[in-house]
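Participant: Residue numbers (the UniProt record's numbering), protein chains in the order written: chain A, 1 to 202; chain B, 1 to 202.
In short, the hints are calculated from the structure, not lab data.
None of these values were measured; they are calculated from a predicted model.
For each residue, glycine too, the CB sits at the ideal point set by N, CA and C.
Check the hints yourself; a few may be wrong.
Taking lysine-lysine pairs in the DSBU-like style, the calculated list, with each CA pair at most 35 angstroms apart, reads [claimed, not checked]:
id, chain 1, residue 1, chain 2, residue 2
1, A, 172, B, 113
2, B, 199, B, 172
3, A, 113, A, 172
4, B, 113, A, 199
5, B, 172, B, 113
6, A, 113, B, 172
7, A, 172, A, 199
8, A, 113, B, 199
Here chain B is said to cover these stretches of chain A; the calculated rule only asks that three of the stretch's residues, wherever they fall, bring their Cβ under 8 angstroms from a Cβ of chain B [claimed, not checked]:
id, segment
9, 2-16
10, 24-36
11, 44-54
Just a few of them, taken from the derived set where beta-carbon distance is under 8 angstroms, the chain B residues facing chain A [claimed, not checked]:
id, residue
12, 9
13, 39
14, 42
15, 49
16, 69
17, 76
There are 2 protein chains.
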Amino acid sequence: MQLTALEKQLSFLREIDRLKTVIRQSPLLDQSRRENSAEHSWHLAMYALILSEHARGPVNTNRVIQMLLLHDVVEIDVGDFPIHGGSSSELQAEQESRAAARLFGLLPEPQRKEFLSLWQEFEHAETEDAKFAKALDRFQPLLINIFTGGGTWTENGVSLEQVFSRYGPVIKRGAPELWAVCERWVSQHFSGQAAGIPKQAD
Amino acid sequence: MQLTALEKQLSFLREIDRLKTVIRQSPLLDQSRRENSAEHSWHLAMYALILSEHARGPVNTNRVIQMLLLHDVVEIDVGDFPIHGGSSSELQAEQESRAAARLFGLLPEPQRKEFLSLWQEFEHAETEDAKFAKALDRFQPLLINIFTGGGTWTENGVSLEQVFSRYGPVIKRGAPELWAVCERWVSQHFSGQAAGIPKQAD
Ligand SMILES: [Ca+2]
Numbered sequence: 001m002q003l004t005a006l007e008k009q010l011s012f013l014r015e016i017d018r019l020k021t022v023i024r025q026s027p028l029l030d031q032s033r034r035e036n037s038a039e040h041s042w043h044l045a046m047y048a049l050i051l052s053e054h055a056r057g058p059v060n061t062n063r064v065i066q067m068l069l070l071h072d073v074v075e076i077d078v079g080d081f082p083i084h085g086g087s088s089s090e091l092q093a094e095q096e097s098r099a100a101a102r103l104f105g106l107l108p109e110p111q112r113k114e115f116l117s118l119w120q121e122f123e124h125a126e127t128e129d130a131k132f133a134k135a136l137d138r139f140q141p142l143l144i145n146i147f148t149g150g151g152t153w154t155e156n157g158v159s160l161e162q163v164f165s166r167y168g169p170v171i172k173r174g175a176p177e178l179w180a181v182c183e184r185w186v187s188q189h190f191s192g193q194a195a196g197i198p199k200q201a202d
Numbered sequence: 001m002q003l004t005a006l007e008k009q010l011s012f013l014r015e016i017d018r019l020k021t022v023i024r025q026s027p028l029l030d031q032s033r034r035e036n037s038a039e040h041s042w043h044l045a046m047y048a049l050i051l052s053e054h055a056r057g058p059v060n061t062n063r064v065i066q067m068l069l070l071h072d073v074v075e076i077d078v079g080d081f082p083i084h085g086g087s088s089s090e091l092q093a094e095q096e097s098r099a100a101a102r103l104f105g106l107l108p109e110p111q112r113k114e115f116l117s118l119w120q121e122f123e124h125a126e127t128e129d130a131k132f133a134k135a136l137d138r139f140q141p142l143l144i145n146i147f148t149g150g151g152t153w154t155e156n157g158v159s160l161e162q163v164f165s166r167y168g169p170v171i172k173r174g175a176p177e178l179w180a181v182c183e184r185w186v187s188q189h190f191s192g193q194a195a196g197i198p199k200q201a202d
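Bound conformation, chain A alone (with noise of 0.2 angstroms):
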């Protein structure tokens, strides 16, 4: 049977509510459970919301908000591929192109394509909006694990030059100065020093 354009849209939107039941391996920071891609999606559009200002290029603030509420929607068919994984990234990419192409051809045209083309832009990490988006996309759980004072670092064994390695590239190239930031709290962390910023009285 033929769909009209809205009940696409609604299909789409029905199909996505399992990015809910998608978990990663950062905690929460009160540390009572796992983070869903979905509710990790919301944080991250609240992080470009309130941060475009240290992005390293111009950025278009909304552009990076859609970027960041859909780049994760091709977990729901690929799962998430964790940062401290080692998961060959070829394969993943393919996986990633085949679920992304499944899931934003439940739209009508000509959202399909344009949401298709923002997925990629995203992936490609080549403009100024995607590279500060994949910067913020890293960030988040940098901020975490200084938060929770250790996280999935002291879960997986990570190393400061790991650290460094895995998140400084993409954290610098899009937002340099949150980098800056990172920079001395990692290094205060693996230090064994407090890191992060005080929490205020309530």
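Starting from the known structure of chain A, arrange chain B with the ligand on it as the hints suggest.
Facilitator: Positioned in the frame of chain A, the structure of chain B with the ligand alone reads:
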């Protein structure tokens, strides 16, 4: 101690992590658990991104997205007030205002002022952007109930008339085309017929 502007921004982003622990009445579509307010906010932002052509008035999609991203942060302090809860809305409004002042008050100026006023605009529901955002905030839980064959309506013994009066005016005011679909599906649901979009074969 004095925090820098960036430290204030990061304090805010750390604090709102707690929205991931605020639990709503509505279930996920797979009914494995209830939805939290952070992933709900992500889903609503996606609704705005995909459905803005169905708004009654001319809307700025990106402002609607921003509004929906932050509309629920006050629940960190006051919790979620369910649609079918029958709580006093004056008390609720006062508590939410205090929460907004505290939370957005973590941000440096001019962001504090800017996001507080965006949140107030949503609450007052008088601009076209806010009316559409409010309509989506009602439409999404209604769809969950349709897609789960009853959901919170069954749980709370809610009648067809109550659905029409609790969801209808807000959805119709901001997105009459979406309400037209709802009316048909709600009537089908309460007359025992299968309602909603048929799932396409995988
Ligand atoms: Ca809401």
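Participant: Each of the hints needs a verdict: does it hold here or not?
Facilitator: Hint check results:
1. A/172 / B/113: 30 angstroms, holds
2. B/199 / B/172: 26 angstroms, holds
3. A/113 / A/172: Holds, at roughly 30 angstroms.
4. B/113 / A/199: With Cα atoms ~22 angstroms apart, residue 113 of chain B and residue 199 of chain A stay inside 35 angstroms; holds.
5. B/172 / B/113: Distance of about 30 angstroms is within 35 angstroms: holds.
6. A/113 / B/172: Given that 35 angstroms is the threshold and the Cα spacing comes to 30 angstroms, the pair holds.
7. A/172 / A/199: 26 angstroms, holds
8. A/113 / B/199: 22 angstroms, holds
9. 2-16: With 10 residues in contact (Cβ-Cβ under 8 angstroms with chain B), the coverage given for the segment 2-16 of chain A holds.
10. 24-36: holds (count 6)
11. 44-54: holds (count 7)
12. 9: 5 angstroms, holds
13. 39: 4 angstroms, holds
14. 42: This hint holds: residue 42 of chain B lies near chain A, its Cβ roughly 4 angstroms from the closest one there, short of 8 angstroms.
15. 49: This interface hint holds because 6 angstroms falls under the 8 angstroms limit.
16. 69: Result: holds, 5 angstroms to nearest chain A Cβ.
17. 76: 12 angstroms, violated
The earlier numbered hint that this structure contradicts is number 17, and it is the only one.
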